[in-house]
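Since the structure of chain W is provided, determine the placement of chain S on it from the hints.
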Amino acid sequence: MEFSLSKHEHKPLQVNPIKHSQPMGATLAFLGVKDCMPLMHSAQGCASYTKVFFTRHFNEPIAINNTSVSDITAVLDGGDYSILMAIENIQNKEKNLKPSMIGLHTTGLTETKGDDVRGVGTHIEIPYVFVNTPDYEGGMESGWALTVTAMIEQLTVEATEIKSDKLVFLPHLSMQPIEVEKIKGFCEDFGFETYALPDLSTSLDGYWEAGQGKLANGGITVEQIRDLATSSVVVSIGASMKKSALALQKKNPLITHFHFDHLMGLDGCDNFVSSLMEIRQDEPKPMIKRWRARLQDAMLDTHFLIGSSHFVITGEPDMLVGMCSLINSVGGTIRAAVSTTFSDSLHLIDAEKVFVGDLEDACAFFDDADMVISNFHAERILHTTYHTALVVRGFPNYEELGNQLKNDQLYEGSTYFLFEIANELRKVKHEH
Amino acid sequence: MVSRSKIKELMNESACSHSKEKKPGEGCDKPKPGLATGGCAFDGAQISLFPYADAVHLVHGPQTCLGASWETRETKTSYTGRDHTQMGFTTGINTNDVIFGGDKRLGESIDYIMEHYRPEAIFVYSTCVTALVGDDIDMTCKLGSEKHAIPIVPVHAAGFVGSKNLGSRLAGEAVLEHLIGTKEPEFMTPYDINLIGDYNVTGDMWQYLPIFEKIGIRVLSSMSGDGRVGDIRCAHRAKLNVIVCAKSLITLTRKMQENYGIPWISVSFYGKRDTTFAIREIVNALGDPELILRAEAVIAEEEAALEEKIAPYKALFEGKKAVLNTGGNKAWSIASGLQDLGIEVVATSIAKSTQDDIDKAREYLGENGVLMKKPAAEQGKIIDQTGAHILLAGGRSLYTAIKKKISFIDVNQEKKTSYGGYNGLLNLAEDLKYAFRNPVFANVGKKAPWETE
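Residue numbers (the working numbering), protein chains in the order written: chain W, 1 to 432; chain S, 1 to 453.
Treat the hints as calculated values from the structure; they're not laboratory data.
Quick caveat: nothing in here was measured; it's all calculated off a predicted structure.
From the three backbone atoms N, C-alpha and C, an ideal C-beta is built for every residue, glycine too.
Each hint should be verified, as a subset may be incorrect.
Computed, partial: chain W to chain S, Cβ under 7 Å [what the hints assert, rightly or not]:
1. K7
2. H10
3. Q14
4. K19
5. A43
6. G45
7. S48
8. F53
9. N65
10. S70
11. M85
12. L109
13. T112
14. D135
15. Y136
16. L382
With the rest of the complex left out, here is chain S:
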C-alpha cells in the first residue's frame, strides 16, 4: 500500500513551479466531488507504463478499469516481439474476490501469463476495490517474481488516491523502487541519456531520435515510449535525464538526481524552434564541445531542409490568423508550431494551464496576443475582432467555427500522425492546408429551406 505521507510528498513536489504559491499542506490536486473530470491515478499510472511493450500489464480490479481503457492509445513500439501494450490483461474480480480477497486469483493470473506469454516483466496495477479490500499485492508480486525469475512490479495507484498526474508520479515511484538500478548496461558512452515522459504517441519520438543518432546522443532508456524493461533497469547509468513535455515525472528525475547524481532538464519537441532549443539544451547539459559543434551542424542542416519543405506552406498560409483553444502545454506548443509555419496566433487558452505554461504562452504570443481565461465565452468575440481564419480547439467549439464561417481543426481528437520534431511540423502543415481548403465549415451551416431569418 502507499502510505499517506508518500502521497502527500508526491502531491507537494518541491520542483514543481506552482508549488511555491501554495500553502503548506495544499497539494497539486484533491478531487472535489462533482468537479473532477479527468482521469484517475490508475489512468495516469497506466499511461506512464503501458508503452513498455515487452512487459505484460495486469490490472487487478473489477471490469471498468481495464475494460474501457485498453487499446485506446496509439503508442508505437519497435519491439519485434508480441506488443503487449495493445493487449488487455485483467483479473476482472468478482463478488467472491471482494469478500474473500483476490490474492489467489492474482497469483494464478501471474502463473497463467508466464505460461502463455513469457514477458520480460509484469506490472501489476492495484485499483480502488482491490486496494480497499486490502489485497496483499506486494507479497503476491514478490512470490511471483521469485517463482518466475522476472521482475513483477506492483503499481500502487488506485484511482481514488488522486488525479492522473499523481498516478504518473506513483508509476515513477514503482519504477524507481523496483527497476532502476537493478541491471548494468552492456556498455556506456559519455552521451547516454534517459528520455522521460514521452510515450511515443503516434510515433512522436521517432521524429527526433534519428537526429540524436546523427549527433551521437544515445538514448540509454525511455520512460516509457518505445521503452524496454531491460533498459530502464540500467537507467541509473545515464549522464542526463531529459523530461519531454511532462510535469508529472519531475519527482522521478529529482529522486534520480539525489540517488544517482543524474541532472535533469525539461524540453519539448513541438515545432522548429522548440526542437532546436531542445537539442541545444541536451548537448549543452552533456557539455562536450565536440558534441555541441556536431549538434550545431546537424541543426543547421535540418533547419535548412525543413525551411525548404515548409516554404510552399508559408506562402499558402501568408496573412492567416489562428485562435487556439486547448489545454496544458498544447496552449503554447501548438502555437509555436503554427508560428513556425507563418501563421499569426492571435489568442490561446490558459484555462487549464500551470504558471509555467502561462509564461510560455505570453512569451510566444507577444504583448498583443490574448490569453483567454474563459475561452468558450471569449473565442467568438476574438474571432470577430481579429478576423481570424481558423479555430483550433476541442469538438465542443466546432459550433463557434461554423457560426463564424471559419475553418476548424479538432486538436483534442486522437491524432493519427505526429506533430513532433522538425518533420512533424510538415504533418501539422498538411492538416492545416486541408482545413483551410475544406468548404465543409461554410457548407454545413447553410440555412435549411424552411428557415427564415
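Isolated chain W (complex conformation):
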C-alpha cells in the first residue's frame, strides 16, 4: 500500500484504530472546569466507554453523565426531553450536587437525529455550554478544541480593557496534567497571572483527597472563564487551538495572540521564551536558563543513540508535530508519522512518511524501526511480533501508572523525554 498525506481515506475501514472520537475530547475538556458536569447527549454506552477509557488512563474516577437516548427518544424527541429530564433526574438523585456548569456535548447519534441543543439551553438555569461533536467527523483533538471555543464563545464576557499581566494559554488535547502545570508555572515565572483553559493540572493530576466528587474535581472556574477577555495575552499551543484563541480575541480585540505549534525541544521552547521576554521586557529566571543548558547537554548525551535510530510515531496531530521536531533535532530518523486525523499542521513534520492511518498501517514500518512511540494498543502487537522498543504516549495508556505526571514539554520535559527514549533504545540496541 502507498501511504501519503491526504484528506481521503486509503481503505474502507480501520484495523486496530488509533483514532478516538470528538465527544471524548469534549468530555475531557469539560473535566478541566471546576465542578462542571460533563453531560454527553448520547446513548448510555458512549458515556460508559468514555468513562472507562479515561478512568483507566488517569487512574482516577471520571465524572460524566449522559442523556441515555433510547431508540424511542432517538425518533420522537428533539433533545429537550432527554436533556432536561437527565438534568432533573440527576439532581433529584443527588440532592447536594451543585454543578457550576453543564457541559453538553453531542454524539453521532444525536447529530444524526439533529437535536436543537442550543434551544434547550434557554430552559436551563445552571450555566450551560453546548458543543456539537459528532463522532463521524474529526477526532478527539478537534472535539477538545471545539469545546474550548464553545466555552469562550458562550461564557466569556466581552471586554474593552486588558490587564497587562494576565495571560491565558490554551493547551492542546494531548498535554497531560503536569505539562499544563509546568507551562502555567513557566508563565508565572515571567510575572503573569496565568490561566489555562481547560485546566487539567488541578483536576486530573492524581492527588489523594477525601471523598471523590461526582463533578469535575478541579480546574479553571466558570467565573474565571467569564473573565478571560481581560487577559492581555492569549497563547495557543498546537494548531488545533488557533481558532479558540481567535474566538477570545473577538471578545476583546486588544488581546495579543501568540501561537506556537508546539513547545518541545530547543526551538519550540526558545520561540516561546523569546515571545515572553519581548512582552515582559525581561530575562527569564535563572532556573529556566539552567534547564535550557541541561537540555543542551541532554541533546549531546543522547544524540548518538537517537541519531542512529529509526522511529515510527503515532498519535494526535499536535502531539506528533512536537515530538517529531524534538527527535529530528538530535538526528533521529522518522520512518513514519501516523496521525489519527488530518490536520494542516501535519505538513510541518519532517519524516519519510506522514499520513493518516491506523496501527495496521503503522505495522508496515515496524520491521525497519528501532523504536515505536504509540499508545497502549501498540504494546501487544510489538511484544508478539516485533523486537522494537516502545515508549507509550498519547491516549489511551491503560496499563502504565502515573500518566498524568509524564512531562515532555519545555526545556525540562524535553530533557526527560530524550533521556527516556535513549534509555529504552539502549535496551534493544544492545541485544543485537
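Just chain S, lined up with the frame of chain W:
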C-alpha cells in the same frame, strides 16, 4: 433491524426470576435519561461475542463505539491462529456515510477483511447511527456470506435499544439465528455440554476445564470464552446447556430447549463449595451413574488437594472479618470464596442485586450477616461495629478503608489473575495475604506535619 416485539420479548424474559414481580409490559430495563450509567446494548453484544478469536468482529459505526472499547478485556484464548479478539475493526463511518448510507463501505470492508485476514466468520455489529440511518446490514452480510462462503453474521444490538444485558441477549439471538444448527459435529458423546456465558476473562474457564476432562465431560461448544465459530455451529447436538454466572443468556438456553430439547442449568465456579456444587449439578443433569461416581472421586481428590494448599492461608486468616461492597453476583460469589478461606463475611452489598442474588447472599452470610442496601453510607459504621479487618470494594470506597485504617482490595479493578474454580481460590488467597500484610493503608493516611486535630 430488530423488531419492537422482539425487544419486548427479550426484555420480558419469562425464565428470569425477577420478571414475575413486574407488571405486564414492564421490561428488565429502560434507560432513564441521566440515570443509566452502565454499558449499552452494543457493549453487551460485543462482550458476548468478542471471545470468538477465530472470527473478525467488525463494528459498523462512528468512532466512539470501537475506538474506546477494543482490547479492553482480558479474555484468553487457546486459538493458535491470529487472535482477532484483541484486534479492532471498524468502518469508522464519516459524514458521507450518514447522508448516503454506509452499505457500500461495509461491503468493501468485508472484502478487505477476507483478502487480508481470512477469518472463520465475521460478526458485523450495527450501532446507533447506522441503525438510525437505516443501513441494510442484513443484505450486505448475506451478499458477503455468499461471495466469500463463510458465515457473516449481522448483530443488531445498537446501543440505544437498551442496556448491556439486553445486548447480550441480542447477541444470543444472532448466534441462534445464524450459527447454531448449521453444522454437524465430527463425533458425539453422551457427555457433551455447551458452556454459556463464561467469557474466559483472565482464563477463568481454564481453572475448571481440566476437571471436566478428568471426569469425562466434553465441552462441545462455548458461548463464547475460548470459543470457536465452528463449534458453536454444532451446539444443537449437546446434551446439556450450562449457564455460568450469567443471567443474560437465559433467553438463548430457553430457546435451545424449545428448538432442540436441550435442558439447561445455571451454575457458578467461584470458590470451593460452588465449584463442587456446579460439578454435581452438571453430572446429575447428564444422569449417568458412572459419570456421577467418577465426578465424586475427582471432587474428593481435588478438594483434598485444595484443603492442603489453603491450610496455611486459613491459619493466617483466622479470626479475620471482611466487608464486601460490590455488585451483582460478585456480592455472594466472592463472599463464598472468602468463607472457603476461613474469613467471616460480616456484610455484603445488595444495591445492584437481583432477587436471586439477594437470596443467595442471605444464604451464604447467614442470619447475622448484614445485607447493605446503601453500602456507601453503611459500610463505615459496620466496620466500626464488627471490627472488620478488610474492605473489598470499588475504588471509590478506598477512602473509607484508609479512614478506618483497615486493609483494602479493589474488586472492580481489571483482574490479572482468575478467582475461578478450585485453584482460583488460591489466587484470591494470595491477593488477600498481600492486602492484609500491606502497611500502605495505615501509612498513607498519616497526618501531614502541618495538620492538627
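Here is what the structure says about each hint:
no. : hint : result
1   : K7   : 11 Å, violated
2   : H10  : 11 Å, violated
3   : Q14  : 5 Å, holds
4   : K19  : 6 Å, holds
5   : A43  : 4 Å, holds
6   : G45  : 3 Å, holds
7   : S48  : 5 Å, holds
8   : F53  : 5 Å, holds
9   : N65  : 6 Å, holds
10  : S70  : 5 Å, holds
11  : M85  : 4 Å, holds
12  : L109 : 4 Å, holds
13  : T112 : 5 Å, holds
14  : D135 : 4 Å, holds
15  : Y136 : 4 Å, holds
16  : L382 : 13 Å, violated
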